[in-house]
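**Student:** Once you have looked at the hints, place chain G on chain A.
Chain order of the listed sequences is A and G.
In terms of this note's numbering, the first sequence has 342 at position 342, counting the first letter as 1, and numbering is strictly consecutive.
In terms of this note's numbering, the second sequence has 1075 at position 1075, counting the first letter as 1, and numbering is strictly consecutive.
Hints should not be assumed to be uniformly reliable.
Counterexamples of contact, computed for chain G against chain A with all Cβ distances above 12 Å [what the hints assert, rightly or not]:
{"no.": "1", "residue": "Asp62"}
{"no.": "2", "residue": "Ile182"}
{"no.": "3", "residue": "Ile231"}
{"no.": "4", "residue": "Glu261"}
{"no.": "5", "residue": "Asp678"}
{"no.": "6", "residue": "Glu855"}
Label pairs and their in silico Cβ distance ranges [claimed, not checked]:
{"no.": "7", "chain 1": "A", "residue 1": "Gly15", "chain 2": "G", "residue 2": "Lys488", "range": "44 to 50 Å"}
{"no.": "8", "chain 1": "A", "residue 1": "Ala32", "chain 2": "G", "residue 2": "Lys488", "range": "48 to 54 Å"}
{"no.": "9", "chain 1": "G", "residue 1": "Lys509", "chain 2": "A", "residue 2": "Leu275", "range": "42 to 48 Å"}
Keep in mind the hints are simulated off the structure, nothing from the lab.
Keep in mind that this is a model prediction, so the values were computed, not measured.
All residues carry an ideal CB built from backbone N, CA and C; glycine is no exception.
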Amino acid sequence: MTRNIRPALLVLQDGSVFEGEAIGANSSEISAPVIARGEVVFHTGLSGYQEILTDPSYAGQIITFTTPHIGNYGTSAADSESSKIFARGVIVRELARRRSNWRSDDSLDSFLKRHDISGIAGIDTRRLTRVLRDSGAMPGAFGTASESELRQAAAKEKGTAGRNLIAQVTTTKSYVHGAGKFKVVAFDFGIKTTILNCLAEFATVHVVPASTSAAEVMALSPDGIFLSNGPGDPEMVHGAPATIRELFGTGVPMFGICLGHQLMALALGGKTFKLPFGHHGANHPVRNLATKSVEITSQNHNFCVDADSLAGKAEVTHVNLNDNTNEGMRVLGANAFSVQYHPEAGPGPHDSRYLFGEFVSRMEAK
Amino acid sequence: MPRRNDIKSILVLGSGPIVIGQACEFDYSGTQACRVLRSEGYRVILANSNPATIMTDPDFADRTYIEPLTPDFIEKIIEREKPDAVLPTLGGQTALNLAMELFARGKVGVPGTPELIGANAEAIATAEDRGKFKEAMIEIGLSVPRSGIAHTLPEAQKIVKEIGLPVIIRPAYILGGRGTGIAHTPEEFKAVVSNGLAASPISEVLIETSIVGWKEYELEVMRDRNDNCVIICSIENVDAMGVHTGDSITVAPAMTLSDVEYQKMRDAAFACIRRVGVETGGSNVQFAVNPTTGEQVVIEMNPRVSRSSALASKATGFPIAKIAAKLAVGYTLDEISNDITKKTPASFEPTIDYVVVKIPRWAFEKFPGTSGVLGTQMQSVGEAMAIGRTFTESLQKALRSLEIGRFGLNCDPGEENYLALSDEELLNKIAIPTPERIFQIGECLRRKISIEIVAEYCKFDPWFLDQMLTIVEEREFLAEREMGSLTKLEWLRAKRMGFADAQLAWLWKKSEADVRASRLALGVRPTYKAVDTCSAEFSAQTPYHYSTYEDESEIHASTKESVIILGSGPNRIGQGIEFDYCCVHASFALRDAGFETIMLNCNPETVSTDYDTSDKLFFEPLTLEDVLNVIEAETVSSGVKPKVIVGLGGQTPLKLAGRIPADLIAGTNSQSIDIAEDREKWSALCEANSIAQPPGGTARNIDQAVEIANKIGYPVLVRPSYVLGGRAMQIVHDEAQLKRAMQEMDQAGSLGREGGLSAERPVLVDRFLEDAIEVDVDAIRDASSEVLIGGVMEHVEQAGVHSGDSACTIPPVTLSAKIIDEIENTVKKIANALNVIGLINVQFAVTGSTVYVIEANPRASRTVPFVAKATGVQLVKVASRVMLGATLAQLRQEGLLPDRVPGGHVSVKEAVLPFNRFAEVDTALGPEMRSTGEVMGIDDSFARAFAKAQFAAGTTLPESGLVFVSLNDRDKEGGIEVVKGLTSLGLQIAATSGTAKYLTENGCVVTRVVSKFSERKADDKNFDDAVKLIEAGEIVLVINTPRGHGTRSDGEAIRKAANNCRVSVVTTLSAARAAVQGMIEQRNRPFAVKSLQEFHAR
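The following block holds chain A by itself, in its conformation from the complex (with noise of 0.2 Å):
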């Protein structure tokens, strides 16, 4: 019996090394050697890999998935958050090698083929995610290819810090999306397809590239703005500050997620700062301080609002239980409110989707 194993490594920037095998693009024993290379993450979900690998917030990094099995119920057409995969690459343990759901309509392997995205199995994702956790984020490489080759690979890679991802991700032309009621105009700094389809519910929804001005927004005559989740360092997306600033004096009611939530605090003078290796998971404990009560919230980001930085101009409405970091804000003396985390899931629980209701109402009382 042989078995058909294409031996790759994963190398991190400090230095350290992680045994492992081939999957996705490039892992055929005839492909030539590859690397890839990117920011490490990792994300404590239980499920959800197919949504977590088509959001857009991850390009440019790599995600490790600490749940062991990954591809168990396949994919399905229905479950991806945007047409690619953004990520650079992703880190398993173990990858089924058979699905099997109602819903599945394809392999992961396959999925991640399509999308010519490689991956590392077999790997210790546990000791690396406890790096992860203590080091921070790190740039790391993984392929095919030498150790030294993927150290030298990890070495020139850059994180996420200082990065400007956008224009990666958003959309270069504008387009609508659902037929509801409300004309909402969402900006699409890595807009998640869950998002759009929360927001279809109750809106017609007219996607604009992220670099659109607050005149354009404006001669679209909106009931409501909507700023969306992305990938990277949120100082470094410039100019949208300055339009969300311009807008907040329209007193159209205006609703950010995650990177919005950033961007808006920005607009706001206040300041965001790099958490050491990010929330990425579906479990996170948040407390919507109006009415006390917890909510299990799906999270993915690396980097967060200073709430000090808010004083007198927000009201911080949200807070992170584990690390009392900001997860949402209400702007004083505008329409305007954001959270850190993803009230839509896709994945995750839908313990804040109240969130989209607040936004209706805001939009129902002008």
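**Tutor:** Same frame as chain A, but now just chain G:
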């Protein structure tokens, strides 16, 4: 919301004896609750009849009532203690049902009575009442299977006409699925409905469309007073719908649900707990999913901490019971910190980076006549859980944890069991769920039968089958290799799939030691990861570990002298909670004495596998390889060899003793253990020390056994070596029976198949001493040769009934001081001869003035916790210190060993038998133990304590009605007194003509004479026999003493009928005598309740 200050005292209801469907998981949850509530400053009053529990240790509550868990007794406790609140959600179905009965009586949950906290009566009723539950679910828009509620058979037949067959029938207010069944035909339907109506205390059954074959899931939910809800764990059943979840192989987390489906299920679970109205605490919601359409339906919900909660706690590290108790007294999830990370709050959802597999363990071999087919009614007696990084690793670890002679899915002698079957036969077998099905499926895959076909027959999800196929393929790969040629990577790959050294040894025809050596030579050793609730996102403070083969190990060096305590593995009949109690006590005592305690066990139901019971917890199989690995890892990480305790976890660790380095064993050494266990060596020791044994000899084959029996005369007792719970022990009356009994030890016999030392070692054949009184003694001997007698227990049932199945009393009631003296001296002699350091249990049979020794076990026995509760001396705490070098004198000085509490009370232990689960089985007691649990009655006289124990065990001692009496000739004379007693109490007597004649001649009044069942004529409508009377509900109690020999058809039929109609049966004269005496005393002076703390006051 902070802690409630309006409540000062709380009555916690326990779950009573261990029964099928309700095991030590409720000791785990109750113990956590008591601890938490006390540390919060509440006055805790505990009611539980089970002396083998940790929770009933007087240290865990302010007032501990070991009293029957019946509404009458709980009412008395409430009257006496006047608690502000009653917590019913941590004591299983028993506590919940008690709460409902007390609520119905207006004693709890209404103004002026204690408040029900955790779940109120309304919520309990909504969840437990099938009809209300279904209505509630439909109201909130959740799908449920089509169904109807019936209270009578005609009602049921009307419903089935509407929804069509097949249907599933579930009685209301039952535990572990009792009385539940599936019906495919009108005949089956009639039978299952009748059974179900009888099983339901309110005669109500739910009849619903069968969704057999659908995928089954469970979600563990917690909710607090602020309406915060979290899911602790998702569980997926490998066995499809149709097998009770307690009898299913289950996996955590769910493996084959996409996030979209999982979130939908999560939303439904929250909606369910909110609608049912469980205000605080843990609940479990079960779902079925159609594998081809994804349709989700809600099956049921438990508004309390359950067996699955215990599993979820152990699987995730999230202490559900502890948190549930805090929520019940007002805290919210965000106010409680996560013990494991210390930094994050409990208001989160655990995420795990490993796979947990749970496999049940059954005891069908002890119940001849049962079909062994699994269904909607739970039949397993225990379970093993394993943790691995992948499903394959976890599955094989779980299989070897079961201790059923298998080392994994295949690749062991057991894999040959199915070779003779054709493919077709094999496929037909896997269509029927049985304990062996998983192995049969493995064999199908080995034969290259496609996953599609296998899935069609067994309904396992193809993903699981493919995982199993990878094990099969790995086995084929390894078979083509030789031990010496395997590369390190290949070794790692095999070990990562959970292959045990023993499997590889079998495959390569090497010894296990050779495989181990070869593996270690390449540096292939397990790494130990931590269970931390968060997939390593935060650093864990709690050293809760499992082994796997990865890059990095996370164990910390022990800073103190360390002791590994080997636990007792999955519960089984004969080895259960009592041994867990012992391990936990040892851990507490040794921790207090400054040792670092390390627990090794694989039973998720237990207190021992709670992460804060010991300094370190290794959730590992109790096999030689896994134990040696932990010893090695501890030695390497700390630089010092740990001591190992093998004497507290029952037979499981004892069997390993000889193969663990002798210098590491704490307490009695392995040679002594072997002398006591090996029947030949044991007899030699007795002879050398002039200790009287019943006449007999040891045999290694059938011929030798026959020779001995011919010499000493029948009846004889056949006792294998290294068994527990009287496994395969039999009283035989002739040569044919003897031969059959001996065949059990063969390869093909049930004991032979379990393998191990019992099959290799000799069998003792000795004279069966009819009418002898059996006596059990627990004692401790220290290194200075001092022997402490812990307790002398006199059995109520005479010899021939396994000690675990018979009632016993402390102090003895019929033994003379001289006999007790002789017994105690013999114990000392044996303890010295065996050089025991620690506990020893010796069993005696007393006939007249002769004292025979039956056997000695130099280990903790099943009775140790009972003795501790009866005498107020913590025997295990003392013994564990002695095992690590302390002398009794030193411990007396330390204050750990006080004198026994003064007398004045009698404690009776009674066994609880699972016959209500096995309708086909004869309930007469014998030498093979079949009880699952025990209760204790404690009062100021033997009769009163005995009667309390009967109530606690669920036996009803009626005050009026017709008692059917049928006695064997030997018992007739003694029966006179019993019958006269019953008559004096106002009960009436029915008997068969023979017994009736004898009784009447001796001055008894027999009101009804019936014919023998064996003479029954089917066509005669006027024919009266006992079975007919029982089935007609005319009999309130049966006293039936089986004949020792010959035909048993009458008695057996009567006992089975009584069992099925839930009429209590007393099968020994001594028990009948004690029961009647108890009833008389009860009439003269009603029972009162008194706490253990009061009994133990010195």
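**Student:** Looking back at the hints listed earlier, which ones does the structure fail to meet?
**Tutor:** 3, 4, 7, 8 and 9
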